[in-house]
Amino acid sequence: MNTARINLLAIEDDPQIQRFLLAALEAHGYALEIAATGKEGLRLATLQQPDIIIVDLGLPDISGLDVISRLREWYTRPIVVLSARSRESDKVAALDQGADDYLTKPFGIGELLARLRVAQRHSAERADDKTQARIEIGTLVIDLAARRVQRDGSDVHLTPIEYRVLAALARHRGKVLTHRQLLRDVWGASHVESPHYLRIYMRALRQKIEAEPARPRYLLTEVGVGYRLADA
Amino acid sequence: MPNSNPNQRPDPDALLARVREEEARGQRGRLKIFFGAAPGVGKSYAMLEAARRIKGEGTDVIVGYVELHGRPDTEALLAGLEILPPQHLEHRGVTLAEFDLDAALQRKPAVIVVDELAHSNHPGARHPKRWMDIEELLHAGIDVHTTVNVQHLESLNDVIAQITGVQVRETVPDKVFDSANEVELVDLPPDELLQRLQEGKVYIEEKVQHALASFFRKGNLIALRQLALRATADRVDSTMREYRDRHAIQNTWPAGERVLVCVGPDPLSARLVRSARRLATALHADWLAVYVETPALVRLSRQARDRVLQTLKLAESLGAETANLSGESVASELLAFARQRNVSKIIVGKPARGRWHDRLKPSLVDEIVRGSGDIDVFVITGEQGAENVAPPRLPGRSSELPAYLRSLAVVAAITLLCALLNRHVERTNLVMLYLLGTVLVATRFGRGPSVLAAVLSVTLFDFLFVPPIHSFAVADAQYLITFAVMLTTGLIISNLAARGRRQASVARQRERRTSELYALSRELAQSRDLVELGSILVRHVLASIEGEAVVLLADADGRVQDPTHFCARGVAPVNLSRYPVPGNDLGIAQWAYDHRQKAGHNTDTLGSADAIYLPLNALRRCIGVLGLRAKEPRQIEIPEQMHLLESFVNQAAVAMERVQLVESAQAASMEVESEKLRSLLLSSISHDFRTPLASIIGMASTLLDGASASLGEERRRNLLQSLLDEAQRLHRLVDNLLDLTRLSSGTVRLKREWAAMDELVGAVLTRYRDALAGTNVTVDVPANLPLVLCDEVMIGQVLGNLVENAQKHAPGSAIRIAVSLQPGAIAVSVRDEGPGLTPGTEHRVFEKFQRGNDEGAQSGFGLGLTICKAILEAHDGSIQALNPPGGGAEFRFTLPLSAAPAGQAAQE
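If you read the protein sequences in the order shown, they are chains R and A. FYI, in the working numbering the residues of the first sequence are 1 to 232. FYI, in the working numbering the residues of the second sequence are 1001 to 1908.
Source of the hints: derived by calculation from the structure; they are not laboratory data. Note that beta-carbon positions come from the ideal geometry of N, C-alpha and C, so glycine has one too. Mixed in with the good hints, there may be bad ones.
Looking from chain R toward chain A, a few residues come up when the C-beta cut is under 7 Å (computed) [stated by the list, open to error]:
id, residue
1, P216
2, T221
3, V223
4, G224
Just some of the chain A residues that point at chain R, by a computed CB distance under 7 Å [what the hints assert, rightly or not]:
id, residue
5, E1753
6, W1754
7, A1756
8, V1761
9, L1765
10, T1766
11, V1781
12, L1787
When you get a sec, could you build the whole thing from the sequences and use the hints?
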């Protein structure tokens, strides 16, 4: 655990969730501030400049989506969204607005901590302005500098587009990327409405880097939202 | 005298009719008529006096309309009574005061006083006659007091005209008088009336003073008084009869009397109709007025036909049932109809024609009398001779000129042929050729031309071929027989042929009507849609009557709606709107709907409108209104056409009601279904929610308890783990319930995108990784599966539910997920090696709250599979459960494949 305490701001109106977050996060060494409304949250964010902000999408005064877009006008550090299930479109909208990750209610403390760790790492990398050039997950090695991918010690041959898809996911390792974000990254803004491209390349990629493509270990699907490269 | 013999109980049908009548009367207002023999007997006075009296008793009575004629004593009676202001109608620059029906309906007093029942309303009023206004008041449940004189009664109209020499134009149908609940005779001896007249106490309009001078002769007044007294006595008699019937006092009324009157195109027929009505009333019998259309009458002039229609209308207004028959002979058709309807008396007019005519051809009366058998025949004299009957002239004679010319041409051609053959054949054969020509002409061109051909043939034959040639003289007297036979044969043939043609045309017309009706009913039977039924009706009506038609359906509040409203409400306006209905007409249509009676053109209500509105009366209610604006308004004045139209409308109404009933039955069964679901849901919720909640509360309170420190670390962890498990179980329940609610409320919109089934299987296995730890899961997915257009979140949920289900019902068993391609579809199967499904319940597992095993230890809503089924149905896919050979349970769903998106294989 880091010695410097990480400052968190949770914008969440439900008192029970507030209590749970406080207990769990403080126990794990985070310093947590809580705002019960969107406006209060925006005010506290400017005052305290927290390291990570957790935003519930269903807020009593202004919508969580609005909070995110207003935060993103100046706030560059990670935002993690909390949302109820079956609202995939909300999650996608939040991610497209600039949120870094999401959690579906109800969630366990393990999931929350994992998300926070990923966010923390990306935040640190962004601050240092250097992405890890070599990423190792299990037996998969992605060398972004050399544009090389290895599995179980042997090279995997990827087409340029397959590589670009994998590289995009690798740069945001552990974080979910929406279909839209991936399409824009790889194909450019004119192809954001053609998600079937992604399916085809994702299948090809899995066949090349997964041991069992039907039960992926690295390239994880977030149904209805996007893809995520496993973190460990 | 009450009779205990059960056989003499009143006829149940009659009882039922009376009950209905009484019910109608209960809602209907009561009509009281102050009845007098002549103007000036003091009816208005008596009526107002009565009004004051009941007002004194506290009844809400108002004066709707009273003619004061400047009589001060009558006027004095008005003091203290509420008087309804008259409406003012503008007609050709003159403002006329008229009884204000709408104001009266709105005011809705208990009793309203309206003078002069026989009054004809001014143009612009709703009804042409005041008695119709009063009918509407009664219908609205308002009691009405009114006045009428005996000479205004329709059935006595002509008798009085005969006695007094004054024809009264304003008449009231007898049914109005007969339906009155109370008739009070206001009687004044003729001498006193004459004295009042002399004293100037009787008001007479200036312009009719002269005419009325002869009316008020003492002899007339005595006769009128007699008639009035008799009419009142008849009513008393009928009231008594009704009373006796009601109290089951049987007596010797001759049962089943039925009177039939035969009407024709002559003016005498109206008299016949009135006589028949009097006879029928006297006998308390039903009566029928019948018109027989023979081939000869088909050719009647328009005026004559109109007169027939008028007479039938008169009969209808006097309470007769009318019928149109067609056939060759009036007498035989009439008698056949009479026998069929059990008629006991026939009334015919006495023909006024020369004796020689009678000798030549028996008159109608003779024929009827001869064939009547046990039916009595009454012969009534006409005022005027039958000469008055418009001679049956062929209409549009000039148009037949070419037929005559052709007839000439045929005869000329035969003559030419005969000239050629003359040397080679017998003259008798030439006669045959001429006869052939006559037959041809008769069959093709009708009677007139064929008569011409016959005469011409004889003449030419004589002149050209019979010696001495080129002379009309005949050498051999035998030829005279030839001529006679030739001429007679020709004439008979021409008559027969012409008659055949006419019969065929009458038959064709009937055939056409029958087939139209049949076609309509067939089409109506095929449709299940209200709007479509409306457009079918419109189409058929317009096929038989040229013009514009529209169907106005009533909404839930009973307002008929212009079809544009249906457009606005999203119902397709399929050809419904053939013409825009003006606002005024919408009012007429509404009236027709409210009263379930036709209104508009050629009806008693707002007859000046140019469109007619027929209510779509079904068995239980009125569906809407058919509006028809005929191009040729006379078309809908023909009774047969009107009857056809009414049959159309009735058929359509029944069909529409059928559709509405089906719809409401469906709605009702859905209501029941959802009610059942609700209660099932409630009982399920209370059980399935309480179980995990009970554990959660129990375990959490144990941990909070002060003694928990003594539990030991492992126990504590176990309790906490169970707490988490139970909470998650609760979470799944809620999710399922929410999903089902969304799916069954129909608010879910599919977000279809191209998805890869292999990827979905992978995502689901990832999601259930923890739960499936320790379970042997095999996946069999072929390479290069095509993409499927679906809502991947929902299909992912189906997969998840199936996997969870397999794990729940076959704990520890291996699970096998297989994806396969089928023609046009992709199939996914999830199979376990557990106990399988109870045989016979395979399809029931998808029903709400069904579990594979009702008493199973596994709890949880039986909703997961129901949700799967709903999701697949939304995707046009299917799901089934089976017990595969080799044991276990298998769930298999299929999704249709669509054409792959463009650029799918865009590899670089």
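Okay, the hints, checked on the actual structure:
no.: 1; hint: P216; in the structure: 5 Å, holds
no.: 2; hint: T221; in the structure: 4 Å, holds
no.: 3; hint: V223; in the structure: 4 Å, holds
no.: 4; hint: G224; in the structure: 4 Å, holds
no.: 5; hint: E1753; in the structure: 6 Å, holds
no.: 6; hint: W1754; in the structure: 4 Å, holds
no.: 7; hint: A1756; in the structure: 5 Å, holds
no.: 8; hint: V1761; in the structure: 6 Å, holds
no.: 9; hint: L1765; in the structure: 5 Å, holds
no.: 10; hint: T1766; in the structure: 6 Å, holds
no.: 11; hint: V1781; in the structure: 5 Å, holds
no.: 12; hint: L1787; in the structure: 6 Å, holds
Taken one by one, the earlier hints all hold for this structure without exception.
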